[in-house]
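Undergrad: Sequence order for the protein chains is H and C.
Just so we're aligned: 105 in full-length UniProt numbering is position 105 of the first sequence, and the numbers increase by one with no gaps anywhere.
Just so we're aligned: 109 in full-length UniProt numbering is position 109 of the second sequence, and the numbers increase by one with no gaps anywhere.
Hints in this document: simulated from the structure, not taken from any laboratory.
Incorrect hints may have been included.
To be verified - Pairwise CB distance ranges, derived in the manner of DEER restraints:
no. : chain 1 : residue 1 : chain 2 : residue 2 : range
1   : C       : 162       : H       : 71        : 48 to 58 Å
2   : H       : 184       : C       : 162       : 39 to 49 Å
3   : C       : 131       : H       : 181       : 50 to 60 Å
4   : C       : 133       : H       : 194       : 53 to 63 Å
5   : C       : 57        : H       : 185       : 23 to 33 Å
6   : C       : 134       : H       : 199       : 47 to 57 Å
Said to hold, decoys possible - Partial pick of chain H residues on the chain C-facing surface, computed with a CB cut under 8 Å:
no. : residue
7   : 50
8   : 56
9   : 59
10  : 66
11  : 71
12  : 73
13  : 75
14  : 129
Ideal placement from N, C-alpha and C gives every residue a C-beta, glycine not left out.
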Amino acid sequence: MAENDEEDAGLAAEYVLHLLPEDERRAAEDRLAVDGGFRALVADWTEHLAQLADDVAPVAPPAGLRARLAEAVSAQARPSRGATQGRGIMRWFGGAVGMAFGALAAVVILIAVLPPVQPPYSGPFYAAELAGEQSDLLVQARFDPRDDTLLVERQSGAAAAGRVLQLWLIAGDADPVSLGVLPEDTTARIAVPAPLGQQIAGGILAISDEPPGGSPTGLPTGDVLAAGEVGEV
Amino acid sequence: MATTRADIEGMIARIAGEDRAAFLDLYDATSAKLFGVCLRVLKDRGESEDVLQDVFIKVWKNAGRYNVNGLSPMTWLITIARNAAIDRLRARKTPAEGGEALDRLQDAAPGPEAQAVAASEAREVVRCLGTLDDDRAAAVRGAYLDGETYQTLAARFDVPLNTMRTWLRRSLQKLRECLDG
Numbered sequence: 001m002a003e004n005d006e007e008d009a010g011l012a013a014e015y016v017l018h019l020l021p022e023d024e025r026r027a028a029e030d031r032l033a034v035d036g037g038f039r040a041l042v043a044d045w046t047e048h049l050a051q052l053a054d055d056v057a058p059v060a061p062p063a064g065l066r067a068r069l070a071e072a073v074s075a076q077a078r079p080s081r082g083a084t085q086g087r088g089i090m091r092w093f094g095g096a097v098g099m100a101f102g103a104l105a106a107v108v109i110l111i112a113v114l115p116p117v118q119p120p121y122s123g124p125f126y127a128a129e130l131a132g133e134q135s136d137l138l139v140q141a142r143f144d145p146r147d148d149t150l151l152v153e154r155q156s157g158a159a160a161a162g163r164v165l166q167l168w169l170i171a172g173d174a175d176p177v178s179l180g181v182l183p184e185d186t187t188a189r190i191a192v193p194a195p196l197g198q199q200i201a202g203g204i205l206a207i208s209d210e211p212p213g214g215s216p217t218g219l220p221t222g223d224v225l226a227a228g229e230v231g232e233v
Numbered sequence: 001m002a003t004t005r006a007d008i009e010g011m012i013a014r015i016a017g018e019d020r021a022a023f024l025d026l027y028d029a030t031s032a033k034l035f036g037v038c039l040r041v042l043k044d045r046g047e048s049e050d051v052l053q054d055v056f057i058k059v060w061k062n063a064g065r066y067n068v069n070g071l072s073p074m075t076w077l078i079t080i081a082r083n084a085a086i087d088r089l090r091a092r093k094t095p096a097e098g099g100e101a102l103d104r105l106q107d108a109a110p111g112p113e114a115q116a117v118a119a120s121e122a123r124e125v126v127r128c129l130g131t132l133d134d135d136r137a138a139a140v141r142g143a144y145l146d147g148e149t150y151q152t153l154a155a156r157f158d159v160p161l162n163t164m165r166t167w168l169r170r171s172l173q174k175l176r177e178c179l180d181g
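Use the sequences and the hints to build the structure in full.
TA: Now the structure itself:
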């Protein structure tokens, strides 16, 4: 086994065990967001080490907790919430129908009232949910291969004061390629250059914290705040 | 009735669709195990209860993302609980005295349902830890189950911090060779 692999496997184990000092832990999290190989190592260790919990005896929690939780989820469950929780992809299908009628601003309103519908187009769509452990940023992205557009909706979180959010595509082992700085609006429609569009499937979309105007170097310079793999939907 | 992996996955999928009954089913099937995990790290009932509440709220909110990470459902749940407990532990200013809670842990007998959940398909880690020296295996368990740090482990085994890290790194490497083998 190559020395680097061993080093990475050790680092992944230390990450899972929560043994890394704060700065190294953060660096590992940044890497997790963009490095599929490292993510796989962390997942492996997580799965293996969780077996240690077999030895932990179950203890009945205090009786009142169940009722408190039941109440908490009742209070949170609202009819429109389903769209943002777990059915994000269907929401984008709804969005596709809205788009056909034009105004992007109307999409959010439309999908709030439309039941999830199948799109008339039967080819693949691609979608990703971008999230990160260190930030509350949650972004849904949906790529339409018919016209190489990426629809991006920021559902929570925002750029820090005086900073911007920049979107990147990471395809395979290649360096991240900028897809642009996200606008202040929560939704954006980004035209992806055709050659890049072909690399979106199976790639990773990531958002980094950058100075106004975007990264001066052409590569992410700030923390990776959120990332997600693009899957076919 | 035994709760299987498929049952838990089904509950998580239904929770992603905001099914409150499924949420309570999952609570009934897994809360004792997850409370045990929190208690083991925090050794404090009140704090563990707070953390467990946060854990289930997280599960409610993130159930739709469960499939993304490819983990088995109990691993996913245990990891959320353990991470939350360790975050709480690290945020604490002074370590709590844990004797009483620990005693209670050892006294507690799992109910049949919880036992079924606890029995994972594979126990390679336990077997492979057995191939390490006792001290080293105890260090790995201490880090995972009790949220020990290199600092506390170094103090416990009375070795310098760097030595502790080298030790544990080597042990983890050996563990991985065994797990892959």
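Undergrad: Going through the numbered hints above, which ones does this structure break? Give me the numbers in ascending order.
TA: Numbers 11, 13 - these are the hints that the structure violates, sorted from lowest upward.
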